[in-house]
Amino acid sequence: MATTFEAVAAIISETSDIPLEDITPEKNAFTDLGIDSLDFLDIAFAIDKNFGIKIPLEKWTEELNENKASVDEYFILSKLCARIDELIAAKNA
Amino acid sequence: MLLEYFQMIDVVEDLDPANGRIVARADVPLESTVFEGHFPGSPLVPGVLLIETMAQASGFMLLARMKFEKMPFLANVTGAKLRTFVEPGEVLRVEAELEHDGSGFAATKARISRDGKKICDSQLMFRIMPFPNDTLKNNMLDRFKQISHSPTE
Chain A
1 MATTFEAVAA
11 IISETSDIPL
21 EDITPEKNAF
31 TDLGIDSLDF
41 LDIAFAIDKN
51 FGIKIPLEKW
61 TEELNENKAS
71 VDEYFILSKL
81 CARIDELIAA
91 KNA
Chain B
1 MLLEYFQMID
11 VVEDLDPANG
21 RIVARADVPL
31 ESTVFEGHFP
41 GSPLVPGVLL
51 IETMAQASGF
61 MLLARMKFEK
71 MPFLANVTGA
81 KLRTFVEPGE
91 VLRVEAELEH
101 DGSGFAATKA
111 RISRDGKKIC
121 DSQLMFRIMP
131 FPNDTLKNNM
141 LDRFKQISHS
151 PTE
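These protein sequence lines are chains A and B, in that order.
Its first residue numbered 1, the first sequence is counted upward by one per residue in our numbering.
Its first residue numbered 1, the second sequence is counted upward by one per residue in our numbering.
A portion of the hints provided could be inaccurate.
Claimed, not checked - Label pairs and their computed distance ranges (CB to CB): (1) A:Val71 - B:Met129: 18 to 28 Å; (2) B:Ala18 - A:Glu62: 18 to 28 Å; (3) B:Asp134 - A:Val71: 30 to 40 Å; (4) B:Leu30 - A:Ser70: 52 to 62 Å; (5) A:Gly34 - B:Asp101: 27 to 37 Å; (6) A:Ala2 - B:Val11: 42 to 52 Å; (7) B:Val91 - A:Thr31: 42 to 52 Å; (8) B:Gly89 - A:Ala90: 49 to 59 Å.
Unchecked claim - Derived DSS-like pairs: lysine-lysine, alpha-carbon spacing no greater than 27 Å straight-line: (9) A:Lys54 - A:Lys91; (10) B:Lys109 - B:Lys70; (11) B:Lys109 - A:Lys54; (12) A:Lys54 - A:Lys68; (13) A:Lys59 - A:Lys91; (14) B:Lys81 - B:Lys109; (15) B:Lys70 - A:Lys54; (16) B:Lys109 - A:Lys91; (17) B:Lys117 - B:Lys81; (18) A:Lys54 - A:Lys27; (19) A:Lys59 - B:Lys70; (20) B:Lys109 - B:Lys137; (21) B:Lys70 - B:Lys145; (22) B:Lys70 - B:Lys137; (23) B:Lys137 - B:Lys67; (24) A:Lys49 - A:Lys79; (25) B:Lys67 - A:Lys59; (26) B:Lys67 - A:Lys54; (27) B:Lys70 - A:Lys68; (28) A:Lys59 - B:Lys109; (29) B:Lys67 - A:Lys49; (30) B:Lys137 - A:Lys59; (31) B:Lys118 - B:Lys81; (32) A:Lys49 - A:Lys59; (33) B:Lys109 - A:Lys49; (34) A:Lys49 - B:Lys81; (35) A:Lys49 - B:Lys70.
Stated by the list, open to error - Quick look at which bits of chain A chain B covers, simulated, 3 or more residues with Cβ under 8 Å: (36) 38 to 51; (37) 58 to 69.
In case anyone wonders, no lab produced these hints; they're calculated from the structure.
For glycine and all other residues, C-beta sits at the position ideal for the given N, C-alpha and C.
Just chain B, same shape as in the assembly:
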């Protein structure tokens, strides 16, 4: 995780675009400027960044499913539960599965766990839209290649 750059996913460990499933790993850094404010003397990963982490895992699954032809943008977070704290140095398992593949939108269920213990979970909805430009599309492709062991095709 590079929290300052919103790079939340480190490795895609398992990806099944056809069935809408992804398992990823997120390594919480030992140090980050984020921890200087959240919180002084008691560093914790902000809950909103855990939601972002679930959204990014869902997003990479959707991107792979759509062969990077369109971009999912987070639109709705429903029933998010932040069950326990996440501290620097922890290794997180991030899972997401497609709940509904709509027209122009998609819904997923995502969760984060650590050593089998639930950390957080939520339903997430995404608007599916054209990429606004090639810069973003190429960045998504490059990032996916960096974190993925398997080709998209």
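Chain A on its own, in the form it takes in the complex:
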């Protein structure tokens, strides 16, 4: 069974046409991988469907716009995957 990171990396690679080997846990989806907000909608859609969750993009965007959080907190892939794991755990609780 693929880990959360492996599944997310595969989604990003397929959705954004980025070689899988370039997608590593320490990369920031936006600043390192060059994914734009429209591409990230596709990624969020695929992640939501794959894991049966709902990534709270609106809340994250609001916090970023209000400088309550940094882009790295949500979009470094290791941190994104940790948040996905939290959402999966909450769903299964």
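On the provided structure of chain A, position chain B as indicated by the hints.
Same frame as chain A, but now just chain B:
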């Protein structure tokens, strides 16, 4: 349909916001300036306007689902298939269903048919954003009331 004004939906025939479904009717006009260019001597509804028609049906369903608190903007068209021509005077059935209700976005599957025959279909994705101003919000509400037989509440 008033093609020049991008008013693509004429009647909402069935709407189930809670379950994310809409059925609408679009009456293709007999005459339009659009047909003067597309195409001279062989008028056809442009495929992009058929996609817009599917987007508007999806959009009205999403607006009703969100009680007109936010606005869906078309962001992505995936796998659109334009299967047959649409000529002036045809009556189209437009259907859309919610595929995914995300955070800040929504995806639908939409299709247009005529007398049971498939015309086109596509997956559509929308960004869900605040209305940029009250003018647009009020216009959407007014337009929805014009084409809808059922109240939004």
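Against the structure, the hints come out as follows:
no.	hint	in the structure
1	A:Val71 - B:Met129: 18 to 28 Å	holds, 20 Å
2	B:Ala18 - A:Glu62: 18 to 28 Å	holds, 26 Å
3	B:Asp134 - A:Val71: 30 to 40 Å	holds, 32 Å
4	B:Leu30 - A:Ser70: 52 to 62 Å	holds, 58 Å
5	A:Gly34 - B:Asp101: 27 to 37 Å	holds, 28 Å
6	A:Ala2 - B:Val11: 42 to 52 Å	holds, 47 Å
7	B:Val91 - A:Thr31: 42 to 52 Å	holds, 51 Å
8	B:Gly89 - A:Ala90: 49 to 59 Å	holds, 54 Å
9	A:Lys54 - A:Lys91	holds, 10 Å
10	B:Lys109 - B:Lys70	holds, 20 Å
11	B:Lys109 - A:Lys54	holds, 19 Å
12	A:Lys54 - A:Lys68	holds, 21 Å
13	A:Lys59 - A:Lys91	holds, 18 Å
14	B:Lys81 - B:Lys109	holds, 12 Å
15	B:Lys70 - A:Lys54	holds, 18 Å
16	B:Lys109 - A:Lys91	holds, 26 Å
17	B:Lys117 - B:Lys81	holds, 14 Å
18	A:Lys54 - A:Lys27	holds, 22 Å
19	A:Lys59 - B:Lys70	holds, 15 Å
20	B:Lys109 - B:Lys137	holds, 24 Å
21	B:Lys70 - B:Lys145	holds, 17 Å
22	B:Lys70 - B:Lys137	holds, 8 Å
23	B:Lys137 - B:Lys67	holds, 11 Å
24	A:Lys49 - A:Lys79	holds, 19 Å
25	B:Lys67 - A:Lys59	holds, 20 Å
26	B:Lys67 - A:Lys54	holds, 21 Å
27	B:Lys70 - A:Lys68	holds, 23 Å
28	A:Lys59 - B:Lys109	holds, 26 Å
29	B:Lys67 - A:Lys49	holds, 25 Å
30	B:Lys137 - A:Lys59	holds, 23 Å
31	B:Lys118 - B:Lys81	holds, 10 Å
32	A:Lys49 - A:Lys59	holds, 19 Å
33	B:Lys109 - A:Lys49	holds, 15 Å
34	A:Lys49 - B:Lys81	holds, 23 Å
35	A:Lys49 - B:Lys70	holds, 23 Å
36	38 to 51	holds (count 7)
37	58 to 69	holds (count 3)
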